[in-house]
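Kindly generate the complete structure, drawing on both the sequences and the hints.
If you're matching them up, the sequences are chains A and B in order.
Following this note's numbering, the numbering of the first sequence begins with 1 at its first residue and continues without gaps.
Following this note's numbering, the numbering of the second sequence begins with 1 at its first residue and continues without gaps.
Calculated from the structure, these hints are not laboratory results.
Take these hints with a grain of salt, some might be off.
To be verified - Derived DEER-like restraints, expressed as beta-carbon distance ranges:
(1) 331(B) / 365(A): 46 to 56 Å
(2) 325(B) / 364(A): 54 to 64 Å
(3) 142(B) / 21(A): 40 to 50 Å
Claimed, not checked - Below, a list of computed lysine-lysine pairs in the DSBU-like style, where the Cα atoms sit at most 35 Å apart:
(4) 132(A) / 349(B)
(5) 397(A) / 450(A)
(6) 117(A) / 223(A)
(7) 349(B) / 82(A)
(8) 179(A) / 223(A)
(9) 82(A) / 179(A)
All residues carry an ideal CB built from backbone N, CA and C; glycine is no exception.
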Amino acid sequence: MSPDAWEVVIGIEIHAQLLTRTKMFCGCALSFGDPPNTHTCPVCLAHPGALPVVNREAIRLAIVAGHALGCEIAECSVFARKNYFYPDLPKAYQISQYDQPICGPGCFRYLTEDGEKTLGITRAHLEEDAAKLLHLGGEGRRANAEGSVVDFNRGGTPLLEIVTEPELHTGPDAASFLKQLRQTLVHLGITDGNMEQGSMRADANISVRPVGATGLGTKTELKNMNSFTYLERGIAAEVDRQIAILEAGGTITQETLHYEPGTGHITSLRSKEEAHDYRYFPEPDLEPVVPDRTWVEELRAALPELPIDRRERWIREYGLTFEDAEVLSEPVQLGDYFEQVAALAPPKSAANWVRGELRALLRDRGQEPWQSRVSPAALAEIITLVESREISMPSAKAVLGHVVEHGGQPREVVAALGLGAIQDEPALVAIVEQLLADNPVQAQQLREGKDKLIGFFVGQAMKATQGRADPARISELVRERAGAG
Amino acid sequence: MALTDLTAEQSITAIAAGRTSSEDLVRAHLERVEHDDWNNFLAVNREAALARAREIDAMPQRPPLAGVPIAIKDALSTRDLTTTAGSRILEGFRPIYTATCVARLEAAGAVVIGKTNMDEFAMGSSCENSAYGPSLNPWDTTRVPGGSSGGSASAVAARQVPWSLGSDTGGSIRQPAALCGIVGVKPTYGAVSRYGLIAFASSLDQVGPFARTVRDAALLLQSMVGRDPMDATSLDWPDPIVLPTAARLDGVRVGVIEELMGQGIEPGVRAACRAALNRVESLGGTLVPIELPHASYGLATYYLIAPAECSANLARFDGIRYGRRAEATDDLLEHYERTRGEGFGPEVKRRIMLGTFALSSGYYDAYYGQAQRVRTLIVRDFAAAFAEIDVLASPTSPTVAFRLGERTADPLSMYLSDVCTIPVSLAGLPSLSIPCGLSDGLPVGLQLAGPAFSENRLFDIAHALEAAIGFDPSPPGVAA
Chain A
1 MSPDAWEVVI
11 GIEIHAQLLT
21 RTKMFCGCAL
31 SFGDPPNTHT
41 CPVCLAHPGA
51 LPVVNREAIR
61 LAIVAGHALG
71 CEIAECSVFA
81 RKNYFYPDLP
91 KAYQISQYDQ
101 PICGPGCFRY
111 LTEDGEKTLG
121 ITRAHLEEDA
131 AKLLHLGGEG
141 RRANAEGSVV
151 DFNRGGTPLL
161 EIVTEPELHT
171 GPDAASFLKQ
181 LRQTLVHLGI
191 TDGNMEQGSM
201 RADANISVRP
211 VGATGLGTKT
221 ELKNMNSFTY
231 LERGIAAEVD
241 RQIAILEAGG
251 TITQETLHYE
261 PGTGHITSLR
271 SKEEAHDYRY
281 FPEPDLEPVV
291 PDRTWVEELR
301 AALPELPIDR
311 RERWIREYGL
321 TFEDAEVLSE
331 PVQLGDYFEQ
341 VAALAPPKSA
351 ANWVRGELRA
361 LLRDRGQEPW
371 QSRVSPAALA
381 EIITLVESRE
391 ISMPSAKAVL
401 GHVVEHGGQP
411 REVVAALGLG
421 AIQDEPALVA
431 IVEQLLADNP
441 VQAQQLREGK
451 DKLIGFFVGQ
461 AMKATQGRAD
471 PARISELVRE
481 RAGAG
Chain B
1 MALTDLTAEQ
11 SITAIAAGRT
21 SSEDLVRAHL
31 ERVEHDDWNN
41 FLAVNREAAL
51 ARAREIDAMP
61 QRPPLAGVPI
71 AIKDALSTRD
81 LTTTAGSRIL
91 EGFRPIYTAT
101 CVARLEAAGA
111 VVIGKTNMDE
121 FAMGSSCENS
131 AYGPSLNPWD
141 TTRVPGGSSG
151 GSASAVAARQ
161 VPWSLGSDTG
171 GSIRQPAALC
181 GIVGVKPTYG
191 AVSRYGLIAF
201 ASSLDQVGPF
211 ARTVRDAALL
221 LQSMVGRDPM
231 DATSLDWPDP
241 IVLPTAARLD
251 GVRVGVIEEL
261 MGQGIEPGVR
271 AACRAALNRV
281 ESLGGTLVPI
291 ELPHASYGLA
301 TYYLIAPAEC
311 SANLARFDGI
321 RYGRRAEATD
331 DLLEHYERTR
341 GEGFGPEVKR
351 RIMLGTFALS
361 SGYYDAYYGQ
371 AQRVRTLIVR
381 DFAAAFAEID
391 VLASPTSPTV
401 AFRLGERTAD
411 PLSMYLSDVC
421 TIPVSLAGLP
431 SLSIPCGLSD
441 GLPVGLQLAG
451 PAFSENRLFD
461 IAHALEAAIG
471 FDPSPPGVAA
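Okay, here's the thing in structure tokens:
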């Protein structure tokens with residue numbers, strides 16, 4: 001069988017750390033990079049007698065996320081204890097949610113070049129993150145370490161776990177979904193979505209089946225893909241591995257796998273036989289979560305425009321391409337900046353300037369448009385000056401460069417630097433006639449139909465005017481004066 | 001009259017009148033604590049207690065509890081004061097914070113003079129499961145004081161303290177109160193914060209007072225109840241606890257479960273309880289026979305739910321962050337096994353295993369799930385009963401204090417000690433035990449239980465009965 005004979009089925013599980021001020025069940029501050037064990041208390045260290053109390057802000061963020069994922073928000077959800085022993089879990093149980101999650105079935109809309117797609121969301125639930133284990137010696141790997149130490153700063157960080165239906169079929173599609181899910185969660189202030197630092201993590205459940213089959217093949221769970229590229233590569237590697245096994249007449253073992261981005265290797269963490277019996281049961285220290293329905297509806301009503309809706313609006317109303325919309329939507333501040341420019345200047349030009357010239361100029365300075373001295377109004381003014389032919393394109397770029405460097409109003413910069421387009425028609429005619437006279441050979445060739453020499457004369461004219469001439473007008477004058485077609 | 005004979009209420013009056021000081025009171029009680037014939041204390045807080053007493057004595061405005069000493073069950077976390085929960089695994093453990101209920105009592109002017117012995121992690125009914133040896137019953141030192149709060153009960157009976165704190169999961173305050181001839185109160189679930197109470201079974205655990213009078217018990221509870229932001233299951237308390245004054249029981253309907261007055265109850269216990277019920281009638285109350293159809297499943301239900309919760313609650317004791325750690329090993333699993341194998345006693349291990357099994361995949365529904373369903377039925381039974389009665393009366397314990405070692409070989413016979421108290425615990429209702437007489441020279445306890453938040457009513461009824469019964473809480477042979 002060829003690879004085309006197999007259909008790939010993928011479901012994703014996402015863990016996103018929530019942007020609360022404090023931990024899920026105690027008052028310790030969330031932190032990243034602080035000295036180890038400086039944000040701890042009896043609760044998150046699981047001292048005898050300490051009790052959890054639910055962080056209301058985490059509930060709010062979960063409900064907002066649920067709305068964005070099109071989920072049902074449960075009338076009543078229940079925390080449960082997930083029991084297992086490990087040094088990063090001080091209570092030896094994780095407080096999670098089991099059979100009654102806060103967000104029930106939903107449907108996430110995301111955009112691809114082929115248009116809008118949807119992915120079923122199975123559930124989303126709240127839980128607490130484990131502490132961080134640091135392995136000393138042995139290149140930081142557990143197996144070779146001389147010893148391990150625990151930093152409890154991360155322990156108890158609120159997590160939202162989102163589980164999708166197994167409805168994805170390619171790695172790129174999975175990456176596209178995950179990108180837009182991340183964008184949505186970041187946009188709503190639910191998580192900072194930093195995959196490298198691990199504040200958002202994705203695992204993929206992967207199986208393959210012969211094309212046309214209806215049942216699902218045996219799945220494996222691939223962990224540790226901390227970027228979109230790794231997600232795609234990891235899925236590709238695992239799909240290849242499964243197909244190779246099946247084509248050789250083998251069977252897939254249900255297991256949890258680790259993808260090593262550096263080498264591309266996939267190694268087994270544990271098989272189904274070794275799987276934990278987590279002995280879930282309702283957390284007796286916490287009351288069920290019964291959010292006020294008015295509040296739930298208020299949160300739904302207060303939901304801002306979602307990234308997908310914004311992108312679809314740009315494509316529909318501004319005539320942007322899928323790619324323009326994709327580039328400009330991330331991060332959200334760039335989209336906001338673009339919208340402010342687009343309100344004052346033709347949107348399509350605004351898109352080109354923002355994603356093109358402006359970002360290119362700022363890249364060297366390590367700045368983003370919204371952090372720069374170029375206000376959206378200033379950029380819109382430059383675009384307007386170009387559109388009205390008051391300045392040439394090269395002048396516009398010079399003006400923008402000046403504003404990037406020194407700030408200021410584009411009109412004033414144009415005046416101060418004398419960059420205004422030469423409107424004096426007799427002067428332009430004189431320049432063109434002089435050029436034709438100085439370059440008789442080229443002028444003759446132009447007359448004989450070598451049309452691309454127009455460019456040569458325009459170039460010379462721009463040089464002579466330090467870019468202040470309107471190239472379109474020069475081109476017209478060259479044709480006219482040379483007597484060319 | 002010796003200072004140690006005073007009730008807490010009398011002590012507060014004596015201090016207010018300038019007849020004694022907190023320091024003198026604390027010193028007198030410390031004297032008895034330090035000559036401990038009953039193995040009631042696992043830690044003594046001598047210097048800190050005396051310093052605090054002097055501090056209170058120097059206050060221009062005394063706090064309500066005026067510097068009266070108190071003993072705290074070792075299941076409650078006390079900052080810098082060794083807290084072991086009666087277990088080897090917490091040997092020498094000094095907590096970094098104080099339980100809310102203890103902090104509230106300290107703020108109200110109680111002075112903690114020591115930590116009392118208990119069955120390991122509150123699992124037991126005789127105090128014999130303590131890793132530090134059993135406490136003894138002041139009425140007869142060859143007998144158990146009951147458990148799990150055995151040390152707290154024995155210390156109050158032996159006048160080492162006027163009052164103390166215990167915790168009650170299935171009867172751990174009421175049963176030792178009965179066996180030691182004192183008053184013990186298990187409040188409504190959620191009345192007292194559990195923050196800092198080392199958890200046994202979270203959905204059942206409640207902290208409550210021991211005292212030699214009903215009024216003292218009410219006085220202590222008064223300063224503890226109310227919502228605590230650190231305990232999500234704690235409740236806003238509707239009406240303040242008031243000190244009871246009732247002398248009559250006119251119009252009070254007292255429910256009696258005939259099954260709990262018959263088979264399985266020692267004749268001496270039955271007789272003393274009958275006599276107390278006769279007093280109810282002579283005080284103007286009426287006896288109403290009632291049925292709790294599912295109460296007989298209480299013990300079985302309890303021994304699934306409590307071990308299930310404890311199997312998770314005790315999983316944190318791994319010797320990594322605190323507590324006793326077994327000799328170093330390179331293997332993580334071996335570390336857990338050794339530390340927990342050496343640190344826990346046999347009863348704790350038994351219950352962890354029972355609970356682990358009850359929650360296991362494939363068994364959850366038949367055991368833990370079923371137990372939760374029966375618990376709901378028991379809650380409904382009580383709700384139906386309290387539509388017809390104001391208070392429920394029964395023996396607290398089916399027997400008087402039994403001999404040391406008598407039941408240790410047979411866990412089931414030990415579990416039966418709590419057959420009368422467990423159904424009330426499963427329903428989360430308030431109940432208390434008052435002494436109602438002697439059987440062969442040993443105290444008998446009468447349990448009274450009411451609907452949620454009925455503590456004031458219970459105290460009034462218990463106070464009226466206490467006066468009518470006129471029980472002398474001084475064990476013979478315990479020197480004044």
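Hint consistency between residue 397(A) and residue 450(A) [alpha-carbon to alpha-carbon, up to 35 Å]: holds, 30 Å
Straight-line alpha-carbon gap residue 349(B) to residue 82(A), limit 35 Å: holds, 20 Å
Range hint compliance [Cβ, residue 331(B) to residue 365(A), 46 to 56 Å]: Given range 46 to 56 Å: holds, Cβ gap about 55 Å.
Outcome for the supplied range 40 to 50 Å, where the beta carbon pair is residue 142(B) and residue 21(A): violated, 59 Å
Outcome of range test on Cβ distance (residue 325(B), residue 364(A); 54 to 64 Å): Hint holds: Cβ distance 57 Å, inside 54 to 64 Å.
Restraint check for residue 82(A) with residue 179(A), where alpha carbons must lie at most 35 Å apart: holds, 29 Å
Distance restraint between residue 132(A) and residue 349(B), which requires alpha-carbon spacing of 35 Å or less: With a Cα-Cα distance of about 30 Å, the restraint between residue 132(A) and residue 349(B) holds, given a limit of 35 Å.
Agreement of residue 117(A) and residue 223(A) with the hint, judged by alpha carbon distance not exceeding 35 Å: Given that 35 Å is the threshold and the Cα spacing comes to 25 Å, the pair holds.
Pair hint outcome, residue 179(A) versus residue 223(A) [Cα-Cα no greater than 35 Å]: holds, 17 Å
Checked against the numbered hints given earlier, the structure breaks only hint 3 and satisfies all the rest.
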